[in-house]
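Chain by chain, the residues run as shown.
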Amino acid sequence: MQQTLKRWLDSDISHSLRSSPTTMVAALIALVCVFCSLFAGWVAPTNPFDLATLELKDARLPPAWLEGGTRQYLLGTDDQGRDILSALIYGARISLVVGLASVLLSVLIGVALGLLAGFKGGWIDVLLMRLCDVMLSFPAILVALLVAGVGRALFPQSNETLAFGVLIVSITLTGWVQYARTVRGSTLVERNKEYVQAARVIGVPALRIMRRHVLPNVLGPVLVLATIQVATAIITEATLSFLGVGAPPTSPSLGTLIRVGNDYLFSGEWWITVFPGLMLVLIALSVNLLGDWLRDVLNPRLR
Amino acid sequence: MRSLPLRRSLLALAALTALSTQAATLRVANQGDALSMDPHSLNESLQISVVSNVYESLVTRGRDYKLAPSLATSWKQTSPTVWRFELRKGVTFHDGTPFTADDVIFSYERAAGDGSDMKSYVGQIKEIRKINSHTLDFETKAPFPILPELFTGWMMMSKKWCEDNQATKPVDRRKGIENAASFRANGTGPYRLRERQPGVRTSFVRHGSHWAKAEGNVDEVIFTPIGNDGTRIAALLSGEVDVMDPIPVQDVERVKSNPNLKVLQGPELRVIFLGMDQKRDELQFSNIKGKNPFKDVRVRRAFYQAIDIETIKSRVMRGAAVPIAQMFPPEVRGFAPDLTQRLPYDPEASKKLLAEAGYPQGFEVKMNCPNDRYVNDAEICQAVAANLARVGVKINLEAETKGTYFPKILRRDTSFYMLGWTASTVDAHNVLYPIMSTPGDGGRGQFNLGAYSNARIDELTAAVGSETDDKKRNAMIREVVKIHQDEVAHLPLHQQALLWGLKKNIEVVQWPDNIMPWKFIQVK
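Those protein sequences? They're chains U and L, same order as listed. Quick note on my numbering: the first sequence kicks off at 122 and runs consecutively. Quick note on my numbering: the second sequence kicks off at 100 and runs consecutively.
Because the hints were derived from the structure by calculation, they are not lab data. There could be a bad hint or two in this list.
Said to hold, decoys possible - Derived pair list, reagent style BS3-like, types lysine-lysine, alpha-carbon separation capped at 27 Å: (1) L/Lys-493 x L/Lys-451; (2) L/Lys-618 x L/Lys-312; (3) L/Lys-361 x L/Lys-412; (4) L/Lys-412 x U/Lys-178; (5) L/Lys-390 x U/Lys-178; (6) U/Lys-178 x L/Lys-493; (7) U/Lys-178 x L/Lys-450; (8) L/Lys-581 x L/Lys-571; (9) L/Lys-218 x L/Lys-274; (10) L/Lys-450 x L/Lys-493; (11) L/Lys-218 x L/Lys-259; (12) L/Lys-394 x L/Lys-175; (13) L/Lys-581 x L/Lys-394; (14) U/Lys-178 x L/Lys-394; (15) L/Lys-355 x L/Lys-581.
Just chain U, same shape as in the assembly (with noise of 0.2 Å):
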């Protein structure tokens, strides 16, 4: 245990970790996010979620150092009477787990479609190829849109659990493209290096040469693509929440949040919207430095 500490405390990782600390901010932050979504039942005062706890008649108090504030609500409350710390709590839980469950779809997607077009070549690569410029060509988020719509049409009996679902997919199906496209480079050049040249000689079929041969050494790219994705998702989601298709008003996210407090920023209620927008501003800086931090690490050319 201490072995395995004093070797990563020793490895480059760790070193450009410490010398860096802008990133150590990042991952602080990042950090004090995860723990607070993973356990957002324990540190949140209420359960913003819980319709039934919602008090109307504390509806719109301001935050606790202002006139009116209390303690019970330290950053106030919204239209509905919903502590905002604890939305700011739940509605980051709502923004990492949209935002990593959508780019962990992603990443699966978009490698095995990158790794097959990259490998296999020919009409494959054509089709693949071809499939992911009609995606790009559109733009991410008017994609989900007609998706999370489309969604919302198919599934008329939909509870909230499918609303997540829904808005996962959308975003999902905006992003698998960047890693194919970025798997399918990678993988033109190693399917033509010697040991894949050598697996093929001894006859290892060609699946287990993707899987076993080309795609570790294909991951490094993907890895930080995916970082910086996961800043892009949770933005796509609180855009789409801003729109009103994402997460339902009564499980607010982020972005439903920033929605409903935008309609107060003239009568005076700022904080129902800008807490929600730093804390959306403060997750997805966090994210996007770890991602360039990372990014600088494993691209050999930088060190």
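Assemble chain L onto chain U, guided by the hints.
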């Protein structure tokens, strides 16, 4: 280059600017768009408000909201069931075709036929007899003394234009049917449709040869839907729009304190209520299988008593609403002054009722709600969902834009929904007939979307329609209200307040049905 033509055009420009100090452009914003330009397509106040500047009915209302002649110059009852209407002569549609009795008969067939949302305005008519090109006899199924009031909601279209443009049937959003009448218009009204970009911007210009002398000075109207409350209020504050409706309740004070703006506030005839599916044997969109809890009056009552209407009034509506116990407000003829007590807000009683009805753990049901139609509609629904959560009912709330909301609920594809209703005739019959009666022919129960049904109410509603004695009539309306309350057929919430924000230099007429007639508007 200082040529003569340039100077001339400059002069012309100066002359034009001088003129335009009188002729004004009015920029109107609303939280939603009119879903089409068809006057028979959707019985929704905003759509009627926009379209009624382009199309006209036989009878209209004046500045004081009293009945006034429009396309008909006079009308009289020749027998209890027969009315003679004299049409205005010399009226032309915007394309120049003259308006005659044939257009009225055509408009009747269109408004009474398939896909029309205006059946309840013409549902009393049994037969129309053309006497000559400008005289018509209307025979009603039973004596119906308030027929002229009803006709204010029925607009006239050109037979020739509709036939030439394959628009003889109304635009039916329920079935996704669109036609030329969706995007173009040809009415007799004081304004002509110039350009239509659905959801973005619709512009109108004054119809130069309108039959009436212009009372206002607005020559051009630009209508823009702005869904987001914050953006809409910003547009008003920055002077980007001249008139805006509704002001978000949280911003009323801010508009009032602005020296260039004013708030026009008044009681609206609209009552916001919730409805429940009481027809299907198995409730849709719910975890209850094999039965429909809403058929049980105890469940409906439990829902009613779970709703904390006073807190909704103070926190969500910021006081701009009056909680109500009836389906129509005191301004409407037939209001029962002794039946104004709402069932008390009492979550404990509500839980007990649910337990008695066999749902001690509550149940789960989807609630449909618009988010750009009524003042704070989605917020009210969320508050109701929270209220119901306290008695164990889990609401899956679906709040959406009215473009998808209305087609869905008008197809009756809902278990629990929100609707607002304005008695546009200012008479209780306009609530009894479309909202409380069993769905049937001639627009009866057309907006009774939960299909609540009570034979006695149907019987009384028919009698109310033909009764001329006010005392007897009011007694019958009172009985309907009583039954409707006792059976908790709908859950009335509140009477909404009108909140228009506009520039100080604009004079408008604010009717209590939230229709905005541009012809009266003066820009100083």
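What hints, given by number in increasing order, does this structure fail? 5, 12, 14 and 15
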